[in-house]
Amino acid sequence: AQKITQTQPGMFVQEKEAVTLDCTYDTSDQSYGLFWYKQPSSGEMIFLIYQGSYDEQNATEGRYSLNFQKARKSANLVISASQLGDSAMYFCAMREGWNTNAGKSTFGDGTTLTVKP
Amino acid sequence: DAGVIQSPRHEVTEMGQEVTLRCKPISGHNSLFWYRQTMMRGLELLIYFNNNVPIDDSGMPEDRFSAKMPNASFSTLKIQPSEPRDSAVYFCASSPSEVSNQPQHFGDGTRLSIL
Numbered sequence: 626a627q628k629i630t631q632t633q634p635g636m637f638v639q640e641k642e643a644v645t646l647d648c649t650y651d652t653s654d655q656s657y658g659l660f661w662y663k664q665p666s667s668g669e670m671i672f673l674i675y676q677g678s679y680d681e682q683n684a685t686e687g688r689y690s691l692n693f694q695k696a697r698k699s700a701n702l703v704i705s706a707s708q709l710g711d712s713a714m715y716f717c718a719m720r721e722g723w724n725t726n727a728g729k730s731t732f733g734d735g736t737t738l739t740v741k742p
Numbered sequence: 076d077a078g079v080i081q082s083p084r085h086e087v088t089e090m091g092q093e094v095t096l097r098c099k100p101i102s103g104h105n106s107l108f109w110y111r112q113t114m115m116r117g118l119e120l121l122i123y124f125n126n127n128v129p130i131d132d133s134g135m136p137e138d139r140f141s142a143k144m145p146n147a148s149f150s151t152l153k154i155q156p157s158e159p160r161d162s163a164v165y166f167c168a169s170s171p172s173e174v175s176n177q178p179q180h181f182g183d184g185t186r187l188s189i190l
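Residue numbers (my numbering), protein chains in the order written: chain A, 626 to 742; chain V, 76 to 190.
No wet-lab data here; the hints were simulated from the structure.
As the structure is a computational prediction, the values presented were derived from the model and not from experiment.
The C-beta atom is built at its ideal place from N, Cα and C for all residues, glycine as well.
Treat the hints with care, since some could be wrong.
As the list claims (entries may be wrong) - Once the Cα atoms are required to be at most 20 Å apart in a straight line, the calculated DMTMM-like pairs of lysine to aspartate or glutamate come out as:
(1) K628/A / D131/V
(2) K628/A / D138/V
(3) K99/V / E686/A
(4) K641/A / E686/A
(5) K628/A / D132/V
Stated by the list, open to error - Covered, in the sense of this in silico footprint (three residues per stretch, anywhere, with C-beta under 8 Å from a C-beta of chain A), are these stretches of chain V:
(6) 113-120
(7) 123-131
(8) 161-174
(9) 178-184
With the hints as constraints, model all of the structure from the sequences given.
Next up, the structure:
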């Protein structure tokens, strides 16, 4: 069974600093996708960034980048130049490839990020 | 473009009552997911569908829960009878396909309170 582990229940970062949110995963699939979502206090779930298991380059989307280390099965989210609006819960998720449970999705427990002014 | 639409946004009802949550996925999306979020258990996948067919319902907590997807544009999650421990935020999400590189797009959730 696939599993996502986020070991940091809460993180603090100073405004304008960079922060790394950790995520490790476990799967026997060769083909899978890794995702990060943001959930602000208002409750909606917002897709941030995607990394494919076969992608050799780390994904980037604006101030978000994903530090993908396949051998270590880690997919850490890096947020550069933190802003007050980045304060939220962040979830790491994985979707399995379609030769097993086609598209099944698993989420980690989340990390609450607080950006200090 | 319209996102995933869930209704109702809030539901308060007494235990023992039947509860029906509704979801309209994004048009053209072929995968649909139902999640439950609580402080204690986090975000749990209850069931997901590909092309209107349930693929995995192993997350459905018990027989009181059932989900249907009669067509590509509508799904329901039903709880009968409801219990206080079912109180949670229920999210519906859709994705273009079952391919693993497709993100999920979430609705705003239904906040369910069972008294």
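Verification of the hints:
1. In summary, the hint linking K628/A to D131/V is supported, as the alpha carbons are separated by about 16 Å, within the 20 Å threshold.
2. Note on K628/A and D138/V: the hinted pairing is violated, with a Cα-Cα distance of about 25 Å set against a maximum of 20 Å.
3. Distance restraint check for K99/V and E686/A: the Cα-Cα separation of roughly 28 Å exceeds the 20 Å cut-off, and the hinted pair is therefore not satisfied.
4. A distance of roughly 17 Å separates the Cα atoms of K641/A and E686/A; the hinted pair therefore holds under the 20 Å criterion.
5. At most 20 Å may separate the alpha-carbon atoms for a hinted pair to count; K628/A and D132/V meet this at roughly 17 Å.
6. Closer than 8 Å: that is the beta-carbon criterion, and the segment 113-120 of chain V has 3 residues meeting it against chain A, so the requirement of 3 holds.
7. Given a C-beta distance limit of less than 8 Å, the hint that chain A covers the segment 123-131 of chain V holds, as 4 residues qualify and 3 suffice.
8. Coverage of the segment 161-174 of chain V by chain A holds in this model, with 7 residues showing a Cβ closer than 8 Å to a Cβ of that chain against a need of three.
9. Taking a C-beta to C-beta cut-off of 8 Å, the segment 178-184 of chain V contributes 6 residues in contact with chain A, enough for the three needed, and the coverage statement holds.
When held up to the earlier numbered hints, the structure conflicts with 2 and 3 and fits the remainder.
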